[in-house]
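Build out the structure end to end from the sequences listed, making use of the hints.
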Amino acid sequence: GVAINHLRADCAGNLLTFYINGFQVAQAQDATLTSGDVGVLAGTFESPGADILFDNFVALQP
Numbered sequence: 009g010v011a012i013n014h015l016r017a018d019c020a021g022n023l024l025t026f027y028i029n030g031f032q033v034a035q036a037q038d039a040t041l042t043s044g045d046v047g048v049l050a051g052t053f054e055s056p057g058a059d060i061l062f063d064n065f066v067a068l069q070p
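For the sequence shown, my numbering assigns the number 9 to the initial residue and increments by one for each residue that follows.
A portion of the hints provided could be inaccurate.
[To be verified] If you anchor each label on the Cβ, the simulated ranges turn out as follows:
hint: 1; residue 1: Ser-55; residue 2: Asn-29; range: 18 to 26 angstroms
hint: 2; residue 1: Thr-52; residue 2: Ala-17; range: 18 to 26 angstroms
hint: 3; residue 1: Val-10; residue 2: Gly-44; range: 26 to 34 angstroms
hint: 4; residue 1: Tyr-27; residue 2: Leu-61; range: 17 to 25 angstroms
hint: 5; residue 1: Ala-39; residue 2: Ile-12; range: 27 to 35 angstroms
hint: 6; residue 1: Pro-70; residue 2: Asn-29; range: 21 to 29 angstroms
hint: 7; residue 1: Thr-42; residue 2: Ile-12; range: 17 to 25 angstroms
hint: 8; residue 1: Asn-22; residue 2: Ala-67; range: 28 to 36 angstroms
hint: 9; residue 1: Leu-23; residue 2: Gly-57; range: 15 to 23 angstroms
hint: 10; residue 1: Ser-55; residue 2: Ile-28; range: 15 to 23 angstroms
hint: 11; residue 1: Glu-54; residue 2: Asn-22; range: 17 to 25 angstroms
hint: 12; residue 1: Pro-70; residue 2: Val-10; range: 18 to 26 angstroms
Hints listed in this document are in silico derivations from the structure and should not be mistaken for laboratory results. C-beta atoms are modelled at their ideal positions from N, C-alpha and C, and glycine is treated no differently.
Okay, structure coming up:
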């Protein structure tokens, strides 16, 4: 189907917090990668060759 979702990732120090449509869905601590670039990866286990589109990608530094 077609769905629009709002994704958010807060990365502050070693604390990573992930949100979908405003609801916190995961939180983890990881100090492995302390610097680098930002990227997004998505996929599906149900439909090979699915199109996943991202719009209005913004990265902010606190």
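Hint check results:
{"no.": "1", "hint": "Ser-55 to Asn-29: 18 to 26 angstroms", "in the structure": "holds, 21 angstroms"}
{"no.": "2", "hint": "Thr-52 to Ala-17: 18 to 26 angstroms", "in the structure": "holds, 19 angstroms"}
{"no.": "3", "hint": "Val-10 to Gly-44: 26 to 34 angstroms", "in the structure": "holds, 33 angstroms"}
{"no.": "4", "hint": "Tyr-27 to Leu-61: 17 to 25 angstroms", "in the structure": "holds, 19 angstroms"}
{"no.": "5", "hint": "Ala-39 to Ile-12: 27 to 35 angstroms", "in the structure": "holds, 34 angstroms"}
{"no.": "6", "hint": "Pro-70 to Asn-29: 21 to 29 angstroms", "in the structure": "holds, 22 angstroms"}
{"no.": "7", "hint": "Thr-42 to Ile-12: 17 to 25 angstroms", "in the structure": "violated, 33 angstroms"}
{"no.": "8", "hint": "Asn-22 to Ala-67: 28 to 36 angstroms", "in the structure": "violated, 18 angstroms"}
{"no.": "9", "hint": "Leu-23 to Gly-57: 15 to 23 angstroms", "in the structure": "violated, 36 angstroms"}
{"no.": "10", "hint": "Ser-55 to Ile-28: 15 to 23 angstroms", "in the structure": "holds, 19 angstroms"}
{"no.": "11", "hint": "Glu-54 to Asn-22: 17 to 25 angstroms", "in the structure": "violated, 33 angstroms"}
{"no.": "12", "hint": "Pro-70 to Val-10: 18 to 26 angstroms", "in the structure": "violated, 33 angstroms"}
When the structure is compared with the earlier hints, violations turn up for hints 7, 8, 9, 11, 12 and for no others.
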